[in-house]
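Spelled out, the chains give:
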Amino acid sequence: MKKRINLFSQRIAPKKIVNYYKVLKKIFSFLIIFLIISNLALSGVLFILDNHKKNINKNILSFQSYISQFDNLASDISSFIYRYNLFEGFTQEDLNSNAYLSYLTDFLNNSRITVELKNFSLNTNKETSFSLEFLNYEDAILFTQYLEKESGKANLEFLKLDSFSLDFSGSDTYSLNFSTKFERITNDSI
Amino acid sequence: MTQFNFKEMFKARGFKQLLLLGTLNLVLIALFSYLAIRVYENYSSYTVLNTQKESLKQNALLVKNNADLLQDSILSYNNTLERLIPTEENYFRIISAFENLSAQTGIPINDYSINIDQTTDSKITFDFSIEGAPLAIEKFFNTYKYASGRYISISQVSFSFDEEKTTASLSLTLYNSPKATTQSTDIQIVNKNQIEKIEEIATLL
Chain P
1 MKKRINLFSQ
11 RIAPKKIVNY
21 YKVLKKIFSF
31 LIIFLIISNL
41 ALSGVLFILD
51 NHKKNINKNI
61 LSFQSYISQF
71 DNLASDISSF
81 IYRYNLFEGF
91 TQEDLNSNAY
101 LSYLTDFLNN
111 SRITVELKNF
121 SLNTNKETSF
131 SLEFLNYEDA
141 ILFTQYLEKE
151 SGKANLEFLK
161 LDSFSLDFSG
171 SDTYSLNFST
181 KFERITNDSI
Chain U
1 MTQFNFKEMF
11 KARGFKQLLL
21 LGTLNLVLIA
31 LFSYLAIRVY
41 ENYSSYTVLN
51 TQKESLKQNA
61 LLVKNNADLL
71 QDSILSYNNT
81 LERLIPTEEN
91 YFRIISAFEN
101 LSAQTGIPIN
111 DYSINIDQTT
121 DSKITFDFSI
131 EGAPLAIEKF
141 FNTYKYASGR
151 YISISQVSFS
161 FDEEKTTASL
171 SLTLYNSPKA
181 TTQSTDIQIV
191 NKNQIEKIEE
201 IATLL
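Protein chains in written order, with this note's numbering: chain P, 1 to 190; chain U, 1 to 205.
One chain only, chain P, in its complex shape (with noise of 0.2 Å):
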């Protein structure tokens, strides 16, 4: 067999490979010290690790006994927050009508014009109607009057004069029936 020479490729001398080797075991006794300095750490982070988890579970084993002394006082709480909403709920439903008359009575008395509140309804849906009765003509239309100056400043979506009578049967009186629709008036009272 032929042998060929590479003139090229370079024998690495004994000498040069425990040089190397030197280089290595200071890069491995460095790294040692280092994983040992690390894996004490990480011993003492997983050692108060655990007795933080073991304090923590006593701990929440006597929250749990301590809050499970008062079962019967939750069941109740929660039967009393389950109706005390419901009750809220039909609270709502309530017209509260005496607010919205004492509101129309306080408009009519602050017109310093003598009339009678006759008939006054309301649903649901805040829309009323009423009706006033005057004693003579000038009222009438005083308060027309009134109402086109101040419903502007009152209570109400809007105002609108249904119908207009006179009744001559006796003392002659005049009737004016109107249609609104109140603004929702808030009452804090229970």
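Simulated from the structure, these hints should not be mistaken for laboratory data. From the three backbone atoms N, C-alpha and C, an ideal C-beta is built for every residue, glycine too. Treat the hints with care, since some could be wrong.
Not close to chain P: a few residues of chain U, all C-beta gaps over 12 Å, as computed [what the hints assert, rightly or not]:
1. Tyr91
2. Arg93
3. Phe98
4. Ser102
5. Ala103
6. Pro108
7. Ile109
8. Phe126
Straight-line distance between alpha carbons at most 20 Å, and here's what the computed SDA-like set of lysine to any residue pairs gives [what the hints assert, rightly or not]:
9. P/Lys26 to P/Ile36
10. P/Lys58 to U/Ser55
11. U/Lys197 to P/Glu93
12. P/Lys126 to P/Tyr103
13. P/Lys15 to U/Glu8
14. P/Lys53 to U/Ser44
15. P/Lys160 to P/Glu116
16. P/Lys54 to U/Ser55
17. P/Lys160 to P/Thr144
18. P/Lys160 to U/Ser158
19. U/Lys197 to P/Phe87
20. P/Lys54 to U/Leu35
21. U/Lys165 to P/Asn98
22. P/Lys22 to P/Ile32
So, partial list: chain U residues that the calculated Cβ filter (under 8 Å) puts toward chain P [stated by the list, open to error]:
23. Glu8
24. Gly14
25. Leu35
26. Tyr46
27. Ile85
28. Val157
29. Ser160
30. Ala180
31. Ile187
32. Gln194
Knowing the structure of chain P, use the given hints to seat chain U on it.
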């Protein structure tokens, strides 16, 4: 090109020490990996447990507050609510409520009819008319909500005013509350406003 001669590498001085150090390194790296994973897992479970503990601590505080506030009185508040919106509805309860309302307000309540359109499982609406002196009717409308011994609302009303007499046609609703089928597992809080309101209502029943 550098050519390695493994035989010479193995035989070279310091190889065995290097091998030992390398092996030790590998062992330490394996240990480091194991410990790092354990720390990570423990830290994760520690975080979860800590959150759970904080949540339980808050719950325990809420329970303590609830106990301080309600332990002696919750049953009476529940009784008040049971009176306002009873769990079960029946004809006799309704008659009794109307009799009480009539007795408390002085306004006779005789003829009434069920408003089917507005009646549901949890409420019954009645249509009827009342009449009386203006002050008596005013008293009725100031006290109707609780005067019967249970909660009543009015959903529609129509007044007719005379000097001597006021007439009112109204739709009046009585409520009932079926028991809750599921109970919340969360700690629930009753606030002071709710308690004050129930205590105030209890005085009106």
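Each hint, compared with the structure:
no. : hint                 : in the structure
1   : Tyr91                : holds (20 Å)
2   : Arg93                : holds (16 Å)
3   : Phe98                : holds (17 Å)
4   : Ser102               : holds (19 Å)
5   : Ala103               : holds (21 Å)
6   : Pro108               : holds (20 Å)
7   : Ile109               : holds (17 Å)
8   : Phe126               : holds (14 Å)
9   : P/Lys26 to P/Ile36   : holds (15 Å)
10  : P/Lys58 to U/Ser55   : holds (15 Å)
11  : U/Lys197 to P/Glu93  : holds (17 Å)
12  : P/Lys126 to P/Tyr103 : holds (13 Å)
13  : P/Lys15 to U/Glu8    : holds (10 Å)
14  : P/Lys53 to U/Ser44   : holds (11 Å)
15  : P/Lys160 to P/Glu116 : holds (18 Å)
16  : P/Lys54 to U/Ser55   : holds (17 Å)
17  : P/Lys160 to P/Thr144 : holds (11 Å)
18  : P/Lys160 to U/Ser158 : holds (18 Å)
19  : U/Lys197 to P/Phe87  : holds (11 Å)
20  : P/Lys54 to U/Leu35   : holds (19 Å)
21  : U/Lys165 to P/Asn98  : holds (17 Å)
22  : P/Lys22 to P/Ile32   : holds (15 Å)
23  : Glu8                 : holds (6 Å)
24  : Gly14                : holds (4 Å)
25  : Leu35                : holds (4 Å)
26  : Tyr46                : holds (5 Å)
27  : Ile85                : holds (6 Å)
28  : Val157               : holds (5 Å)
29  : Ser160               : holds (5 Å)
30  : Ala180               : holds (4 Å)
31  : Ile187               : holds (7 Å)
32  : Gln194               : holds (6 Å)
In the structure shown, no violation is registered for any of the earlier numbered hints.
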